Amino acid sequence: MSQASTIPEPEVLDSSPRFDLLHVPVVGRFLRWRHARSVSQIPLLIIGVLMILHGLLGPSLAPKNLATVLTWLHFRGVLALTILAAGNFFCFACPFMLVRNAARKFFRPRWNWPRALRNKWLSAGLFVLILFIYELYGLWASPWLTAWLIIAYFGTALIVDGVFKHASFCKFVCPLGQFNFAASTVSPLEVAVRDQQICRTCDTKDCIRGQRKPSSELVVLQRGCELALFQPRKVGNMDCTFCLDCVHACPRDNVGILSRMPAEELITDPIRSGIGFFSRRKDLTALVIVFTFGALLNAFGMVSPVYVVERWLAKLLHVTQAAPVLGTIFGFFLIIEPIVLLGAAAWITQKLKGTPRALIPAMVRYSYSIVPLGFGMWLAHYGFHFLTGLFTIVPVTQSAAASIGLSFGHPHWLWVGVPMRFVQPVQLGFVILGFFGSLLVTRRLADEDCPEHPMRVFIPWAAVSLMIWLASVWLIFQPMEMRATMLMSS
Amino acid sequence: MKLSFRRGGRRGPLTKVLSALLMFSGIVWRVACSRSGSTSPTRVTDKKISPNPVHVGRVTISFHLSDAAEPISGAQVSLEGDMTHPGMAPAFADAHEVAPGQYQGSLTLNMPGDWVLLLHIRLPDGRKLEDQIDVRGVQSS
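Chains as they are written, first to last, in this note's numbering: chain A, 11 to 500; chain B, -8 to 132.
By construction, these hints were calculated from the structure, which means they are not laboratory data. Be aware that one or more of the hints could be misleading.
To be verified - Here chain A is said to cover these stretches of chain B; the calculated rule only asks that three of the stretch's residues, wherever they fall, bring their Cβ under 8 Å from a Cβ of chain A:
#, stretch
1, 69 to 77
2, 98 to 105
To be verified - Computed Cβ-Cβ distance ranges for the label pairs, DEER-style:
#, chain 1, residue 1, chain 2, residue 2, range
3, B, 123, A, 35, 45 to 55 Å
4, A, 116, B, 123, 41 to 51 Å
5, B, 41, A, 292, 49 to 59 Å
6, A, 293, B, 123, 44 to 54 Å
7, A, 417, B, 123, 18 to 28 Å
All of these numbers come straight from a predicted model, not from anything done at the bench. C-beta: ideal position from N, C-alpha, C; glycine also.
I would like the entire structure built from these sequences, with the hints used as guidance.
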């Protein structure tokens, strides 16, 4: 009996015909083209190199440097909006992988990624580290540090994937990739098989093995999924880089970029290829916590009350350095607060007899419900900077071009972006959308786990979402105070 | 059987990657740190900003411009205020000479946080000079 017939198929909530981006005239044809990824990566690589050069050699003032303007305004905004509107297309066009692929022509990795690290603990930790460094050193205000951050990304990708096989960097290391994976669980598009029937009769499994040369099995003509996602058993976007290797490898043209209900993958709990059960992955819950509470923390670092808290903590801890104060704030936001909130909700769910699960498994199971809220807050934050600084790329590019003797006119420094008063309703809309998304996921999880009394699950976990949402709204209405140096005015 | 030996043995992929990265980092570091400072005798001194501490709203900037201790009169000075965070609206204004070599101007800082004030100076002989005042922690009004 084949493996395909022994593993239960992923649950599909809606069996109606699905939109397929690969069937859209121009876009679909481009994406089906074998070199579409490389062609998409090349412009980003060029921009990345320009950002590094300008960051290291250009003006030290962040608003006038391509490294800081593009990284902290445009890149983050476009990334979040693309994930909201479509899917994980940044990983698709990731320039780090273009460099890695080129390097692999010279360096053949020999080892498999260590078994003990085949989880999200390391990458979730690196995610926290990036957030911490961002706050501690005020990365947004330093083109030089931003340039080195980009270099560090390129370097780490090269080292990890130069030593370890497959896409170890993407799956187990890259903090940005983990952000994209978590966020794209609420995207409307996913890479998925068009017809499960066709996969049942497939005996080559090229989508994961890759297409091999008929005369020599060792020669790979087209790579299969490097992230160990076997298409017929793949569910949703977690760990999917949209590289489209599976699309090119499938000999039956049975893989597409299909529409689905956003956040659908957070509701179901089948065994997932390359991932297992969501409900058994504590490391994924850690990632979800960092993703969601990190969104609040990242926004909190930009509003006035944070400085009051910092001064109070500095006095309490008898310190003058920023690191211990910031570490305490991070500990509260990313460890204490989530444990208290999610732990209390799981405990109440147990007491109400809403779930037979133990405390930690219950926390893991329902923690996925807060992902839409977290993404809503990231959208609100990144969307704010993107929209309010939308046009700044024009004068910065003019200025950068002028510095190497190219003239695109006098820089229009007053070209800034959309006025804040118009952006705030958009921010509010994002967090409201996230809140309703979280409530929907909570309700579906409650219906599935406790069909007789869904409210026993829904109420405690909806209360968690409500608290996070209220905190998000409070943050949005706080006065902005963008300061790179902490404790300076104390 | 003929055996061949390479000095140091065969380099592994990690060594190759690290060597390449080290070389790249060295080049970048060298280029990034190679900018030299100005040796011009022209000086911007006695830079002041009021009110102090600085609050959101109108602030007055004053400074002294000299060359080898001689005040420079007749310079054209424009002021620019930028937040350290990219994407925020800058503020522009002109400064005027209020005494020989002494210049003063006002800017409106519209947001709390860290600001950098740039002094764009065109000297009477046509040379351009730029100076900067870091204003940390502008407070709400």
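Verification of the supplied hints:
{"no.": "1", "hint": "69 to 77", "in the structure": "holds (count 6)"}
{"no.": "2", "hint": "98 to 105", "in the structure": "holds (count 4)"}
{"no.": "3", "hint": "123(B) x 35(A): 45 to 55 Å", "in the structure": "holds (52 Å)"}
{"no.": "4", "hint": "116(A) x 123(B): 41 to 51 Å", "in the structure": "holds (45 Å)"}
{"no.": "5", "hint": "41(B) x 292(A): 49 to 59 Å", "in the structure": "holds (56 Å)"}
{"no.": "6", "hint": "293(A) x 123(B): 44 to 54 Å", "in the structure": "holds (46 Å)"}
{"no.": "7", "hint": "417(A) x 123(B): 18 to 28 Å", "in the structure": "holds (25 Å)"}
Taken one by one, the earlier hints all hold for this structure without exception.
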